[in-house]
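Asker: One letter stands for each residue in the lines below.
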Amino acid sequence: MVPLDYYLILSAIIFAIGVVGVLIRRNLIIVLMSIELMLNAVNLTFIAFANSLGSMDGQVIVFFVMAVAAAEAVIGLAIVISVFRHRQSLDPQEMQLLKW
Amino acid sequence: MVASTSTVATLELLRWIPLIPLCACAINIFFGRALGHRTAGVLASAAVGVSLALALYVFWLLPATGIFHDLLYTWIESGSFRVNLSFQVDALTAIMLLVVTGIGFLIHIYSLGYMAHDDGKVRFFIYLNLFIFFMLLLVMGDNLLLLFVGWEGVGLCSYLLVGFWYHDAKNTIAGNKAFIVNRIGDLGFILGIFLLVTELGRQGIWTLDFAELPKHVSLLTPATITLITLLLFVGAVGKSAQIPLFVWLPDAMAGPTPVSALIHAATMVTAGVYMTARLHFLFAPAPYTLSIIAIIGAATAFFAATVAIAQNDIKKVLAYSTVSQLGYMFLAVGIGAFSAAIFHLFTHAFFKACLFLGSGSVIHALDGEQDMRKMGGLRSYLPKTYWTYVIATLAIAGVPLTAGFFSKDLILWQAFSHGSYALWLVGVVTAGLTAFYMFRQLFMVFHGSSRVEDHVKPHIHESPAVMTVPLIVLAIGSIFTGWLGAPEYLWGSLWDRWVQPVFGGAHGAEHGPVTTEILVTLVTVAIVAIGIYLAYARYARTGTRVVPAEAAAGLYRVLLNSYWIDEFYDRIAVRPFTRVSQWLAQIFDPLVIDGLVNGVAKVARGFSLIWREAQTGNVQHYLIGFLAATLALLIYYLRQL
Amino acid sequence: MDASLIPLLPGAQVLLTALVVMLLDLFIDEHERGLLAWISLLGLALCGAEAILLWGSSEGTFGDTLLLDNFALFFTQIFIAVAALTVLSSMRYVRETGIHEGEFYSLILFATTGMIVMAAANDLMVFFLGLETMSVAVYVLTGMWRSSARSSEAAMKYFLMGAFATGFLLYGIALIYGATGSTNLNQISAYLLEPQGQWPPYLFVGGLLLLVGFGFKVGAVPFHFWIPDVYEGAPTPVTGFMAVAVKAAAFAAWARILMHELSPLDSDWALPLRVLAIATMTIGNLLAISQPSVKRMLAYSSIAHAGYLLIGIVAGEEWGSTSLLFYLATYAPATFGAFAVITLLTEQDKPKEDYGHFAGLGFKRPFVAMAMSLFMLSLAGFPPLAGFTGKFHIFRSAIIAGHTDLAIIGVLNSLLSVIYYLRVIVMMYMNEGGVKGKSFIESPYLYTAVGLAAAATIYLGVLPMRTLEWSRSAFSSLF
Amino acid sequence: MSQFAVGHLSLILLIPLVGAVVLLLIPRQQRQVLLTVSLLFSLAAFVWSMRLFQAFDAGNGDMQFVERVTWMPAFGIAYIVGIDGISLFLVLLTTFLMPLAILASWPVREKIKEYLFFMLVLETGMLGAFVALDLFLFYIFWEVMLVPMYFLIGIWGGARRIYAALKFVVYTMAGSLLMLVAIIYLATRYAHVHQVLTFDLLQLYNLHLPVNEQTWLFLAFALSFAIKVPLFPFHTWLPDAHVEAPTAGSVILAGILLKMGTYGFLRFAIPLFPNAALAMAPVIIALAVIGILYGAAVAMMQADFKKLVAYSSVSHLGFVMLGLFALNIQGIQGGIYQMISHGLSTGALFFLVGMIYDRRHTRMIDDFGGLWQQMPVFSVFLLIVTFASIGLPGLNGFIGEFLILLGAFSVTPGWTAAAACGIILGAIYMLWMLRRLIFGPLTHPENQKLVDLSHRELLILAPIVALILIMGVYPQPFLSRMQPSVDLTLKRIVTSQAAPVATNHGTSGEMKTDGR
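Chains as they are written, first to last, in this note's numbering: chain B, 71 to 170; chain X, 159 to 799; chain G, 216 to 694; chain L, 24 to 539.
Wrong hints could be hidden among the right ones.
What the hints assert, rightly or not - For each label pair, taking beta carbons as the anchor points, the in silico distance ranges come out as:
id : chain 1 : residue 1 : chain 2 : residue 2 : range
1  : B       : R155      : G       : I221      : 42 to 48 Å
2  : X       : P558      : L       : A485      : 57 to 63 Å
3  : L       : A182      : X       : Y727      : 37 to 43 Å
Hints are computed from structural coordinates only; laboratory data are not their basis.
Keep in mind it's a predicted model, so treat the numbers as computed, not measured.
Ideal placement from N, C-alpha and C gives every residue a C-beta, glycine not left out.
Using the sequences and the accompanying hints, generate a full structural model.
Answerer: Now the structure itself:
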């Protein structure tokens, strides 16, 4: 049996990878994917805890999260398209109409 | 220390003495223009005339040791402190009343003629009546604060009248100077009042009444009394133009001449003497103060006399002479001879008023010319003026049997018999100087050949009766008022018998050996004679010998410019103060104080502008900020664990 | 499972309206779409009526995951009021800007549903679902003005940051779940109150991440970066909606979850919260000073107000929380009203948001300018307006709780805020020029919204007792 | 309590407010109607306040005409108003100056409706602050005053009006917000000690806190009031605000608003925190005296007539502060008297400034000179008012200054002597101003066509000058009404020194000091 901490550390690492991806990638699509990665890392945490606590709640929650993540992804992509229409670019660093 | 044995009686008549001029003043303010110039002037004069009549009546009623009292209402009451608006008349006040209303009345009459052609005649009489009111308040007030009100009020009128011809900025500046220098003195005065009130208040006595104060003087320590009297004397120095605050009086000659006669010779400037005499019970137990007063008085007398020698302006000579004569009065006060001081005040009022009015008559005749170098030989043109002027000059010079002789001699004798030989010597020398400069003036103006400018010459005329009659009355006074206070070796002093009760037994005339007294008098007379002779030798015979100011050298220049005292004050006080104010107003206030206030706002704005750069618009920067904050919190937590 | 579905009623009511609006939108003509707004308003009104009728209830449902108590009802009222005002003020605006009406209204309603759920959530997961319902709807609303590049950009930024924050929040929930074995607030609370040795460290980390998530949603410094950009870019009625309702929803959840159920962790949060409160107030106010755009200034000002609200959270206890609720109620009309006035200034598809456009408004549009002045003065905290009463109670709670220093920093910050709020008034009354008359959005409904907000601003300032009582009883219902 | 027990004060508060509302209903083209209506309402307030004066029980130092209406009972906040011998005259001053200020507004051309509206609202605000006896209520009125004043300066002011208006508001609020914290803190402490939550001033008087706590609270109150007074060095908002404000605004600002500060000290800061007031008195006296001299010195160098008068206010209010912090009967009574006097004389000076500004559109002293020739009536008024303001005996200024200095002298002779020098400086700059303004030759050709005062202007000045004279000659009606109230205030200070200091009653446990 793999100890709980391993899962937690793994999910933390995945979460961190997601965070870093969001922070440094210059393409909105990849940034979106990184966010998904963060959410999935959390899912992993939930499952690990559910497993170690022996409760089903965690597992159920994951379904909720997946649904939410899907909704977010849809919206996200729509927004990205809308932005792309105005800018012809997907680089978040170029989007600086609004500042200060 | 003085047991008040006087009987107090209520006399409601008193209030009308000051109120009638005030009413006339009010009527002229509102209806003066409608009444017309002439009527306004007559009304004003009549009001003072009525006051004079009332004053004479009161004088007649007043028993030797009695006091009349008239309470109007409580003026200020705060806690235990209480001051009434009420008047009192005792022997001292009665004399002052007569001087103020009597001379005031004459000068009002005189002004009817003198100001006849002036546009501001109504205004002039308004001011004049107001002055009479305040002056009466000053002498009749039954407490120190009321005296102070009058004191400030006459200062106001002096300001207004000196700057009467406001078109010329110079006059207003002179008025301002008079008021401000007086205020410097008043600062001392009011602080003296405060000290008196609070020190007595500490003992549970809250009063400023002249009737009450003497009873409580013993509660005060000698040091306190000295300080109080010194402070009060500072006020007197300002009002009576003594060293070092005399500088305003010569400038104040910018006012119309009747004003100079009334305010700056006969009445207002003597208020300081009156005040010290009124508070003799405070001053008498303050030997240190008295000696300072005596020294300042003597110094002023001498110093002003020297300056008067060199002046060429007919009124300036008289102004410095007034300063000098006031010095005599303070000299008398300083040696404790209050009665003598008031006596000199009384006689001086007549002859100095006469001199001023006479000079006014001359100026009037010469179309406003005041420079004695442009006069001369006026004797024949202005006979009445001339003769009254001669009489007054004899009086002020102290020629025997004139008023000035008696009063000045009394002071000098008191100084001598008091043992203050140095003061006496200064007094005698000053008497000589006085004789010299007065006769110098007389000769320069009336004798010798005429130096009057040609365009003025045809218009020279004797003044109308409305001006000469007051002159004559005053000239008569200049001789006979002195006879009231003749020394014991002649027919004795009526004056002392009248005034002495006010000052209690403290300072009766000291009676030394009669021979000494006569000897001392003879010394004075001799010196006066020398002064007259020198003036005669130098000015009467040559007549035309006049030293132009530019060519003047050495001592003469020093005297002509009155020792450059004005410039000295300007250098050490006025300019530094102006510079400090300027620095405060133009640098410190806007840049430092306001700068701090605005600085706070600027700093906030600056922070705002800098910090706002953090909002770069780049979403990933935001996220980094987010993450950094999260990590910081995380680290904080983990360290807590 | 509980049989009673009554606690669902307000939320369901709004949700149902949203669905009706969405579906109806497909079937009616372009020019009849105004009807949709009225339907939305009707639904909101019904919901409001229900909320009033249900006042005093404390029923839970779905295994106590949803708890309809006075606390939830109090917030529901705020959400509904704001949503209704938003609908009122958007009726002309959406046409002017070419926003699709049906979607717009239904999204507002969906977001409102999410908020209601958030306020009533008694379970971290339910809260999360409510939050996401609201957030996703608001992401879309932000970007709805598709012809505007700024709107899209704002949506993108909001979405990215929101999703990012969601990740953290969710991670926090996961860790708390792991530590306590439940996501139900009652059970978590019970766990925390049990006397036991050591709490697992990830409980703290979970709590912290939850805090970060809330901090983001309320716009606390340094999680505030999204606010200015998003508020500025979003269609103005949406901004008003966000500034008031979204913020209130986040505070509602925060108050319920962090202040109450997780209160045993209070002492660990005190110092960071203080720092957060101070930073939020100060940075918000400072940065607002130098803004050239009124809308963006209001965005920063809403950050500052979050800071004042955080004082209420720091103060805690009865008065802290009551004043927090009350402050939200007082802050709502003024802020919303201010955004409504900006809405009014929109010209075709050009927003007029700079200070300069307010010049001379005072004498061209006395009513609007007077209302705007009221809002500004209220936000600045001038008595006797709502903002003052709110601040008074917030600072009072801080002083009662011994945080006099926070109160002092708070008042100094309101001083800073006076500078920029008054600048609006300066522009309106003391400058000439500005927008021409015809570039206003002339809508009686918008005027009504502004008028209502103004009336509320005065009412809450002069007669605050009733609302205060409500806040108090709302707070007490948590126990 | 008198026959007016119900509603009398409230009525005075309401009259201007109703007037303001009525104005809103009148179309803006009806200029004369607007002006007349507002004048009538302000006069009505004045008439009512005169009845107040009549019915006032002079022998009673307690609050009179007290009204209490509960407002926010849960927080101990109530609508409590009342006046005593201290506030009576400030109320009268307000209602007296207000119609005159409106009369002086006749030349205002633009946006007269709003202008008058703000004036009337301002009147209510000021009156409210003078009569409020609940700290919360007081604070509300205190702040409410700011807003109309802000608009008056900002809309109808001079060139730098926006800067001046903002500075005025922000500066004033800087103080008052800290006062708000102190007010709340005070009420909270009272609740701890007495178990009653109240903002009722008269009850809060009974709270005796330890000195260090008092000091902090006192400082918070004092800062707020000191800014308003303004006490050196918090004065720089004043010249800006005064100079930029329209005539009526300056008059109200100088005549009434500044008195809020000194009134605040007397009503709140001193009796609430007597020990702190005693402890801080030397500092405040020092600042007051510095302000007297500094204000005078700076005033002297001003080229702008209005600014000169503004700085002179700094100097004069310094006297008031000196008197108040002498903390004896003469000082405080003199201080109150000086408040009224200053309100009249400086108010009149600002009216006069406004009158020549209306004619020449300049306030620079050097642009005038020799005005007496063209405008003798104006000049006479200026002369009288100037002398009133430099404290000439027989006019109102003297009584106040004299009592102040008398009171202060027994406490601190040195500072008093320095303050008395301010009287000299006052004479210097005022007379210099007179010389440059009305005396001397009429050099500027523009001034040769100036017309003297109109009937309306005479109507403004005559009542003030009459009052200046009356107050100088017969001050007893004023002083005697103040005395019992001042005595009471002083008694509070004395008793509180003897009173036991409140402790926390073990409630400090409830007062969390910090998070950790």
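Asker: Determine for every hint whether it applies to the structure shown.
Answerer: Hints, one by one, checked against the model:
| no. | hint | in the structure |
| --- | --- | --- |
| 1 | B:R155 <-> G:I221: 42 to 48 Å | 46 Å, holds |
| 2 | X:P558 <-> L:A485: 57 to 63 Å | 59 Å, holds |
| 3 | L:A182 <-> X:Y727: 37 to 43 Å | 40 Å, holds |
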